[in-house]
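Could you build all of it, start to finish, from the sequences and the hints given here?
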Amino acid sequence: MDITIIAQALIQGLMLGAIYGLIGLGITMVYAITGLLNFAHGDFMAIAMYLCLALFTHFNMDPYLSSLIAVPALFVLGLMVYHFLFRRVLKAELLMVVQLTLGMVFIIESSLLLTFTADYESVPNILHAVRFSLGPLSVSGSYLATFLVGGGAGAALYWVLQKTDLGRQIRAISQNKDAATLMGINTTRIQMIVFALAIALLGLSGSLTTSILTMEPYMGLELTLFAFIVFVMGGVGNFLGTLVAGYLLGIADAMGSLFIGGHLGAMVPYGLFVLLLLFRPQGILGAK
Amino acid sequence: MMGENSRTDIKIYLGLLVLLIVLLLLPTRLSITWTRTFAMVFLFIYWASAWNIIGGMAGEINFLHPIFIGAGAYSSTVLYINFGVSPWVGMFLGAAIAVVLGLVIGWICYRSGLPHLSFALICLGFSHIGEIIALEWDLLGGSRGLVIRPAPGLANMQFETISTYYYMGLGMAVLMVGICHWISRNKLGYYLKAIKHNETASAAIGIDTVRYRLLALAVSAFFCALGGTFYAQLVLYIDPHSAVSITAVISMILFCAIGGFGTVLGPVVGTLILMPIGEVVRLYVMTGFHLIIYGVLVIVVILLSPHGLVPWFQSRMKKTQEESPA
Amino acid sequence: MGKQILFVASLTMLLVAALGITPVVAVDPVKIGCHGAFTGKYAAYGMSTLHAVRYEVAKKNAEGGIKSLGGAKIQLIEMDNATNAKDSVANHERLGTNPAVLAVIGPCTTPMSQPVEPIAARYRLPTVHSITTLDKIFEHGNEYVFTVSVLASRYGATYASFMVAMHEKYGLTLNRITMAYPDNDYGISVVDGFKKGMKKAGFDKNIVLDLPFNWKSKDLSPIVLKIKAAKPDFHLQVAYFADGKLYHDACYNLGFHPWQVGGASGFNHPKLWKTLGEKIGGATIGNKKTFAYDMAAFDLPNAGRDAWTKGFTAKHPDITVEMNLLLGAMAARFVIEAIEKAGKRDRTAIAGALHSLTLEKDDPRDLAGTYKKPGPVWMRNGKPNSYGYIAQWEKGNGRWSKKTLFHPLMGMLAVPKAFR
Amino acid sequence: MLVSVQDITAGYGSVTVIKNISLEVDRGEWVAVIGGNGAGKSTLFRVISGLVRPRSGKIYFEGRELTALPPHEIVNKGIIQVPEGRMLFPKMNVIDNLLLGGRNRRARNNVNESLKKVYDLFPILEKRASQEAGTLSGGEQQMLATARGLMALPRVLLLDEPSLGLAPLMVREIFNSLQILNKEGMTILMVEQNVVVSLKNAERAYVLENGEIVMSGSSKDLINDDRTKQAYLGI
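Protein chains in written order, with this note's numbering: chain P, 327 to 614; chain U, 526 to 851; chain R, 18 to 437; chain C, 183 to 417.
Think of the hints as simulated: they come from the structure by calculation, not from any bench. Keep in mind that a hint or two might mislead.
[What the hints assert, rightly or not] Which residues of chain R face chain U? A partial, calculated answer using Cβ under 7 Å: (1) PRO128; (2) GLN131; (3) PRO132; (4) PRO135; (5) ASN201.
All values reported here derive from a predicted model rather than from experimental measurement. Cβ coordinates follow ideal geometry from the N, Cα and C atoms, glycine included.
Laid out in structure tokens, this is it:
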């Protein structure tokens, strides 16, 4: 096969991988600090995307502009969900938490269906029809924007964690929650903020991808599964690993459909995940 | 302590007996659709109980069951359609395949000591791969699925009246609950409980954790697969979307959660409450709304009684007994 | 005295009122079932059908109900199968065992339609699918199962005859033909029909790329890269809405605009422009070399459909009139007409009436405009007498619309833009 | 009284670990709670710090009730626990650990002075400042844990098993430092299994057995008590 085709598919895989990584980051944040597994993760992104859709249909607002509304809105939503639901199940069995979030999945998906109908939707943004070329290779503006923002969000997160007091508190809680409490850290507050930040990050991912992914009310669970896979592949709780795993999965996806195709090609990312986990259970960048 | 427990148990079993008699007489009063719905309810009690052995009792987030159900449904159906083999025979081949698959996947996963989440996801990965195999393999009908032409007869596991399916489903559910009860009172049940509570500690006191988890998984897989055949013969159609479906296992976990993970009666109570409610809402209130009701119910139950309804009920009964020593 | 008069008067009034009401009450309503995927993955299709069916039933009732049954009103029993086979079967059985239900519209889409076929036979329940395309369902010759949609194989045949016509009439080369399609029942059946058609014309050896893809994929760039690398003279693309959008996006990004014909909602859904954006849509499906398969030729004169659309839009301004909606309406119309024609509450008679329904050329009852051959709506083997069109997107009066070019029975109806 | 614990009962799930415990610590005092493994010493500390809610009973600090406060507020009042097993943040360097110690409301503005002070007390920590806490030796880790506690400017320091798992030499070094602190006026409440060391250093002690206080008194009296001798000192 022509090398430019492979290179082009590689680029496309990277772009797609940035989306997976961006969604996975939120899962990593929440897990690191609360130990919670949120199966409704992807559904919050669906909420953000439908919010952008509503703003587009009623006010003709560009999704990039809508992110200024979607991000704070999802932050507040995250605060509320944490305060009213998650806070109460922190000490429950893991399976119960899983079940609670699955309950949320049912509620969100059905509510989206009843509000927005099941029609497929997608909202073009200002960069959607812009194309950047380099020789025989090219990439779409909205993909590139997502790629850059994804990387930027990763870098910003890294900076916050390493250089700020909030970051130090977050790391402290993730390493030893009781000790962090004994340092006078208000763990409940920090957990709530981090959860809300993770949801707000989905607000960002949602507004960035309205032109790339096609919306439908049931899209959430699939996104969640991909986010989980990325999260585990990267090494549970490892931020950089999550991003890397996202890229890897995107590339596996692209290569699978380029070289194998069909349903068998779609099996490649899952196969990669299963193999990796069996031979390196701690993930790509996780420590043993 | 022991006496109190058995007194509570006797009350529960009396209640169950009454319920069973009511259920035995019910088809004479029910419309065909409700009879079918209840046949499905019993199948889900059966499946949820089978899942509960590995999921609830051993405390795993196990999503392998779509593979087991698919193995049962596809094996018997392919044998029946292509070679005329009776589903009564085919179901055991399906169950054997499910057990082998379960043991192989289980052995690979347990041996590497994966943490809960990784294990759950790897199960999902395998289930997804199973679905793709069903989609790709022409023998299994691909995405078009397999249609079983109706040919009622005992040998074909197809019945003229739905109430026969109803009684068969009821029998399977009772059998499964009995098996779960037996396991929970037995060495396997105690070991699983220990493993759920603390795997390292269980290994330290000499329980071969891998062996007992595999045993539980094999039992669970075996019975799930038999249920798969029953499903195929009830609906007379299977496709990857319905027979290797993650949604079905999510429902099973949901029913177990409402009733109480790891308890013998949890799956029964959860399924008997949720499925008929869902059906009524779906048919008479508002379509699409029943999932919202499911969601709200599960959240309310978990917030009010984090261990499910059956443990809550048991602790209530215990309390009233303590209060009135008579 | 006064009291007595009052008493007699009120008694008389009551009697008159009762007499006045009784004839209306006496006619039991006619029950029709409508079930399909109203929630779940395929809800978009199911809801389209339901909207149309509700509208048709309400209209018929407002016009005085079924006249041959003494003006009996129609009562619609709606049931959701949540896009899963087991609920679809349960629904169909529920409707089948209710003797008051005379016919059923739906369920739409193959995975829900296939399992109910034996049930329709068991309960002799006339079942009219709206957008069920799988040939296999109709090959058993089941007298009770119908569809108003074009069958998947006939989609493929139409693509083939269009390509051949382009070759013969306009000299388009067909040395390298490529095809990409979702590897599910629909995609595979369409391509089977296409290959058969090409074989008949002697072009089957020129198919250089046979590319099934996963339609749930999040990115189709690798697929487009492969097609591009095959350097097609003419490309066949089968796509649903979501993957269709991804396909067009990828084509635009990779600067690939081949001669191509495509089908299903990925090429003909009115919403495509909104989701793709003007620029990308214009560069790909709006270019001179792209053709779309359509089951409703909106630009061809069709008095029946125009009237219907007008009536429907007045009542539901927010619902887009598209193919699935029109097919749902047609299914409802045919069912109602068959009950009217049968004149009795008997399922077998209604099924017979459905079989005997005929359409003339340019029949106003044909909302989609796809029944161009005069004759019965349903052929002996249960297959519908329907054909789709090949259309081309054009911009005129500041908006994009489809211009019908080709019908398999009538040949080229207009000159493609590239040759004008 | 600086700290006054009254009638505390607490446990986990259906298990009761400590029953009706009362004890008091005065300003500047060094009080030890001694007892064997599983006697409930750590649970007692977790209750005082607010990590575990007591089933009944009350805790007062300077006459004000603490029992209903969240743990971080208790820290802000100056009740600082150095937990059992050190509970350092293993993937952070020494200085980050220390800074986290000094981030409560009272200590926040004095971080630089406190840092200087703990470096004076434990010079080795200054050398290891940029090393990850998880890579320190056991003794260094205990020093870091104590230093981290001191960074919080404690008004009462709760030490949970400071000698656990340390070589005798290291134990002596740690306790020397604690002596210095106590002389300077630091109030210390300590739980220890090492009865000899405890009684040698603390002024008073409580003896905890199976979750109940069975004896209390000055260290001198306890050392000479026959029962303590038999049960704990092995004489």
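Hints and how they fare:
Nearest Cβ of chain U to the Cβ of PRO128/R: about 5 Å, under the 7 Å cut. The hint holds. This hint holds: GLN131/R has a C-beta 6 Å from the nearest C-beta of chain U, less than the 7 Å allowed. Residue-level restraint check for PRO132/R holds (minimum Cβ-Cβ distance to chain U is 3 Å; threshold 7 Å). Hint status for PRO135/R: holds, given a least beta-carbon distance of 5 Å to chain U, under 7 Å.
Evaluation of the ASN201/R hint against chain U yields a held restraint, the C-beta minimum of about 4 Å falling below 7 Å.
Hint compliance for this structure: every hint is met.
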